[in-house]
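Novice: Sequence:
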Amino acid sequence: MSEMTDRKPYLLRAIYQWIVDNDCTPHLVIAAPGAGWVHGVPSHLLQEDMLVLNISPQATAHLQIEDDNITFDTRFGGKPHQVWVAMAAVVSLVARENGEGISLPVADDIEAGPKKPQQTAGDDADKTPDNPESPAGGSHLRIIK
Numbered sequence: 001m002s003e004m005t006d007r008k009p010y011l012l013r014a015i016y017q018w019i020v021d022n023d024c025t026p027h028l029v030i031a032a033p034g035a036g037w038v039h040g041v042p043s044h045l046l047q048e049d050m051l052v053l054n055i056s057p058q059a060t061a062h063l064q065i066e067d068d069n070i071t072f073d074t075r076f077g078g079k080p081h082q083v084w085v086a087m088a089a090v091v092s093l094v095a096r097e098n099g100e101g102i103s104l105p106v107a108d109d110i111e112a113g114p115k116k117p118q119q120t121a122g123d124d125a126d127k128t129p130d131n132p133e134s135p136a137g138g139s140h141l142r143i144i145k
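For the sequence shown, the positions run 1 to 145 when the working numbering is used.
These are computed hints drawn from the structure, not numbers from a lab. Bear in mind the structure is a predicted one, so any value in this text is a computation, not a measurement. Any given hint might turn out to be false.
Cut-off 25 angstroms, straight-line C-alpha distance, at most; resulting in silico cross-link-like pairs (SDA-like, lysine to any residue) [stated by the list, open to error]: (1) 115 / 103; (2) 115 / 41; (3) 116 / 56; (4) 79 / 56; (5) 115 / 20; (6) 79 / 98; (7) 8 / 35; (8) 116 / 91; (9) 8 / 59; (10) 115 / 35; (11) 116 / 6; (12) 115 / 79; (13) 79 / 40; (14) 79 / 29; (15) 115 / 17; (16) 8 / 96; (17) 116 / 29; (18) 8 / 114.
Beta-carbon label-pair distances, calculated as ranges [claimed, not checked]: (19) 111 / 2: 27 to 33 angstroms; (20) 57 / 35: 39 to 45 angstroms; (21) 99 / 43: 15 to 21 angstroms; (22) 43 / 18: 31 to 37 angstroms.
Don't be surprised by glycine CBs; every beta carbon is placed ideally from N, CA and C.
Work out the full structure, taking the sequences as your base and the hints as a guide.
Specialist: Have a look at this one:
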C-alpha cells in the first residue's frame, strides 16, 4: 500500500464550499505568516503570530486551493494583491459568523519558516544578472528580504 497524499487541501476545499453554500464568510487562519509562509500581503499584517484572511468569493478572485498552497487575488487598502499561502501554515478555515469550520494540525517548528531546498549548480543556469527572476513558467512571486 502506497503512502496517501495529504488530506488537508481536500478538507479545506470541502469546508470552504460548505461555508459558502451556507451564506457565511470563510476566514483562513495562518500560523507564523511573517516566517515566509505568505506572500503578497502587506508587511504590517505579517507581524502577528496568526493572520486571518477573508477568502469569500466577494473578497477574492481566482481562488485556488491546491495541494501545496492557496492562491487568490484580493485588495488591501484598495490596492490589488496576488496572495500565496503555503498549505503547511494553514491552521483553520472557519465561518466568521459562527466559528464553524475546521482546525488543522501544523508543524511544531512552523515559526522557523519553510525549509529552503538545496541549490545545485544548474539551478541558476537560466537566470542572468539582468533577469534575476525564475525562468518562464515559474512562479511570478519572489521573496523580498
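Novice: Indicate, hint by hint, whether the structure satisfies it.
Specialist: Going through the hints against the structure:
Straight-line distance between C-alpha atoms of residue 115 and residue 103 comes to about 23 angstroms, which keeps the hinted pair within the 25 angstroms bound. Annotation: proposed proximity of residue 115 to residue 41 holds, straight-line Cα distance about 20 angstroms (limit 25 angstroms). Using a Cα cut-off of 25 angstroms, the hinted pair residue 116 and residue 56 is violated, with the two alpha carbons roughly 31 angstroms apart. With a C-alpha separation of about 17 angstroms, the suggested pairing of residue 79 with residue 56 holds against the 25 angstroms cut-off.
Distance restraint check for residue 115 and residue 20: the Cα-Cα separation of roughly 33 angstroms exceeds the 25 angstroms cut-off, and the hinted pair is therefore not satisfied. Annotation: proposed proximity of residue 79 to residue 98 is violated, straight-line Cα distance about 29 angstroms (limit 25 angstroms). For the hint pairing residue 8 with residue 35, the CA-to-CA distance comes to about 20 angstroms; that is within 25 angstroms, so the pair holds. For the proposed pair residue 116 and residue 91, the alpha carbon gap of about 21 angstroms is at most 25 angstroms, so the pair holds.
Only pairs whose Cα atoms come within 25 angstroms are accepted, and residue 8 paired with residue 59 is accepted, the gap being roughly 23 angstroms. With a C-alpha separation of about 11 angstroms, the suggested pair residue 115 and residue 35 falls inside the 25 angstroms cut-off, and the hint holds. For a cut-off of 25 angstroms, the pair hint linking residue 116 to residue 6 stands: about 20 angstroms separates their Cα positions. Simply put, residue 115 and residue 79 have alpha-carbon atoms about 30 angstroms apart, too far for the 25 angstroms limit, and the pair is violated.
A C-alpha spacing of about 11 angstroms is found between residue 79 and residue 40, which places the hinted pair at or below 25 angstroms, so the restraint holds. Among the hinted pairs, residue 79 with residue 29 is consistent with the structure: their alpha-carbon atoms are about 22 angstroms apart, no more than 25 angstroms. Between residue 115 and residue 17 the alpha-carbon distance is near 31 angstroms, which puts this suggested pair outside the 25 angstroms criterion. Using a Cα cut-off of 25 angstroms, the hinted pair residue 8 and residue 96 holds, with the two alpha carbons roughly 20 angstroms apart.
For the proposed pair residue 116 and residue 29, the alpha carbon gap of about 23 angstroms is at most 25 angstroms, so the pair holds. This hinted pair checks out: residue 8 and residue 114 have alpha carbons roughly 17 angstroms apart, not beyond 25 angstroms. In this structure, residue 111 and residue 2 meet the distance hint of 27 to 33 angstroms, their C-beta atoms being roughly 32 angstroms apart. Between residue 57 and residue 35 the CB atoms are about 29 angstroms apart, so this pair departs from the stated range of 39 to 45 angstroms.
Look at residue 99 against residue 43: about 28 angstroms separates their beta carbons, and that is not inside 15 to 21 angstroms. One distance hint, 31 to 37 angstroms for the beta-carbon pair residue 43 and residue 18, holds here, with the actual separation near 33 angstroms.
Consistency with the previously given hints fails for numbers 3, 5, 6, 12, 15, 20, 21, ordered from lowest to highest.
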